[in-house]
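Student: Just so you know, the sequences run in chain order A and B. Using my numbering, the first residue of the first sequence is number 1, and each one after it goes up by one. Using my numbering, the first residue of the second sequence is number 1, and each one after it goes up by one.
There could be a bad hint or two in this list.
[What the hints assert, rightly or not] Pairwise CB distance ranges (calculated):
#, chain 1, residue 1, chain 2, residue 2, range
1, B, S75, A, L11, 44 to 50 Å
2, B, T91, A, N30, 34 to 40 Å
3, B, V11, A, T74, 38 to 44 Å
4, A, G16, B, S85, 49 to 55 Å
5, A, P59, B, I117, 45 to 51 Å
6, B, L115, A, S67, 36 to 42 Å
7, B, I117, A, S60, 39 to 45 Å
8, A, S56, B, E16, 28 to 34 Å
9, A, S77, B, D55, 31 to 37 Å
10, B, S85, A, R24, 35 to 41 Å
11, B, T58, A, Y92, 16 to 22 Å
[Unchecked claim] List of simulated lysine-lysine pairs, PhoX-like, C-alpha gap at most 20 Å:
#, chain 1, residue 1, chain 2, residue 2
12, A, K108, A, K39
13, B, K40, B, K19
14, B, K23, A, K45
15, A, K42, B, K40
16, B, K40, B, K12
17, B, K13, B, K40
18, A, K104, A, K42
19, A, K45, A, K108
20, A, K39, B, K40
21, A, K42, B, K43
22, A, K104, A, K39
23, A, K45, B, K43
24, B, K43, A, K104
25, A, K39, B, K43
26, A, K104, B, K40
27, A, K42, B, K23
28, B, K40, A, K45
Quick caveat, the hints were computed from the structure, so don't treat them as lab data. Just so it is clear, CB atoms sit at the ideal spot from N, CA and C, and this is done for glycine as well.
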Amino acid sequence: DIQMTQSPSSLSASVGDRVTITCRASQNINSYLNWYQQKSGKAPKFLIYDASTLQSGVPSRFSGSGSGTDFTLTISSLQPEDFATYYCQQTYSTPPHTFGGGTKVEIK
Amino acid sequence: DVELVQSGAEVKKPGESLKISCKCSGYKFTSNWIGWVRQKPGKGLEWMGIIYPGDSDTRYSPSFQGQVSMSVDRSISTAYLQWSSLTTSDTATYFCARQGVGRNVAFDIWGQGTLIIVSS
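Next up, chain B with everything else stripped away, as it sits in the complex:
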């Protein structure tokens, strides 16, 4: 079965760095874009960006460009989302998701989410 398993919840202080992970299994990792979606407490879904594991091509939403960094490690089929300096406004749940292919350009499989709390 296709599965995306994310790293656990984090509690961080403003200014700290963080890298969360999304371990993909059950399919060829390099064949599908992987996306990241933010959900602030009680709010809707925000599309952050996508990365293609085959060549690490990335497309960021203008709202998140320069705020986060996406990367992959093909050797362990894992995608990452990284912050160099967190702020309290980064408090949210972050989901990774696999993007389908062909006409199905949707997020067809989702990770369970990683809750990040940024507080002094």
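With the rest of the complex left out, here is chain A:
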């Protein structure tokens, strides 16, 4: 199975900060990388697919980049509603389509 490693596991930031989350795959996954946001007690929300394509309705302050094994999710200017846990997921080739361990973004 392909392993997905996110870093950091948590971070503290202030409203308006630029935040970057990293996701690393254990092997080449091309650009088959998705990002999700999960708020406490809620279902995950789909943000980005194909490493950099924003799902319809997702604010433009979110962006994704990378290919191969290294990927990033960037929030250009953190808003109060962005405090949540973020997960990457690879969907390369046959299942399982593993998730990363998550990155919790907390208020500083």
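Please arrange chain B on chain A, whose structure you already have, making use of the hints.
Tutor: The following block gives chain B in isolation, referenced to the frame of chain A:
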């Protein structure tokens, strides 16, 4: 609107069986894979497997193969996740989600989650 509505929370004893449901609406049920994701209390997301309602083709994660069973009822656009004998380690919230098509092979729409508590 596309919507996935899951069955309610359950409290069960070890050794009991259970079947939870995920009612899909607002799209053609047989056109998209449906996946199941486990989240243990305070932990991350675990990909369990997917089922294609068109022909009931299933793909399980090795971690869950033989532990759970996925099925669908096309007549009522509902997917199911089933256990024959629960253990305390099955205590978690379980989400169903629709998988997109084409390049968008992601879980684009999620159910609200079903909390399962297994305790003696």
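Student: Is the hinted pair K13/B and K40/B satisfied, with a Cα-Cα distance of at most 20 Å?
Tutor: With a Cα-Cα distance of about 17 Å, the restraint between K13/B and K40/B holds, given a limit of 20 Å.
Student: Given the proposed pairing of K45/A with K43/B, does the C-alpha separation stay at or below 20 Å?
Tutor: Satisfied, since the Cα-Cα distance of roughly 17 Å is no more than 20 Å.
Student: Tell me if the beta carbons of S56/A and E16/B are separated by a distance inside 28 to 34 Å.
Tutor: 42 Å Cβ-Cβ, so the 28 to 34 Å window is violated.
Student: Evaluate the given range 45 to 51 Å for the C-beta pair formed by P59/A and I117/B.
Tutor: Violated, at about 36 Å.
Student: Between K40/B and K45/A, is the straight-line Cα distance small enough, at 20 Å or below?
Tutor: 18 Å, holds
Student: Would the hint linking K40/B and K19/B be met if the CA-CA limit is 20 Å?
Tutor: 18 Å, holds
Student: Taking 39 to 45 Å as the hint, is the beta-carbon distance of I117/B and S60/A inside that range?
Tutor: Holds: the Cβ-Cβ distance is about 41 Å, inside 39 to 45 Å.
Student: Lying within 38 to 44 Å: is that true of the beta-carbon distance V11/B to T74/A?
Tutor: 42 Å, holds
Student: Within 44 to 50 Å: is that where the Cβ-Cβ distance between S75/B and L11/A falls?
Tutor: Holds, at about 47 Å.
Student: Holds or violated: K40/B and K12/B, Cα atoms, limit 20 Å.
Tutor: 16 Å, holds
Student: Please check whether S77/A and D55/B have a Cβ separation lying inside 31 to 37 Å.
Tutor: This hint is violated: roughly 46 Å between Cβ atoms.
Student: What's the verdict on K104/A and K42/A, does the C-alpha distance respect the 20 Å limit or exceed it?
Tutor: Cα-Cα ~14 Å, so holds.
Hint compliance for this structure: hints 5, 8, 9 and 19 are broken, all remaining hints hold.
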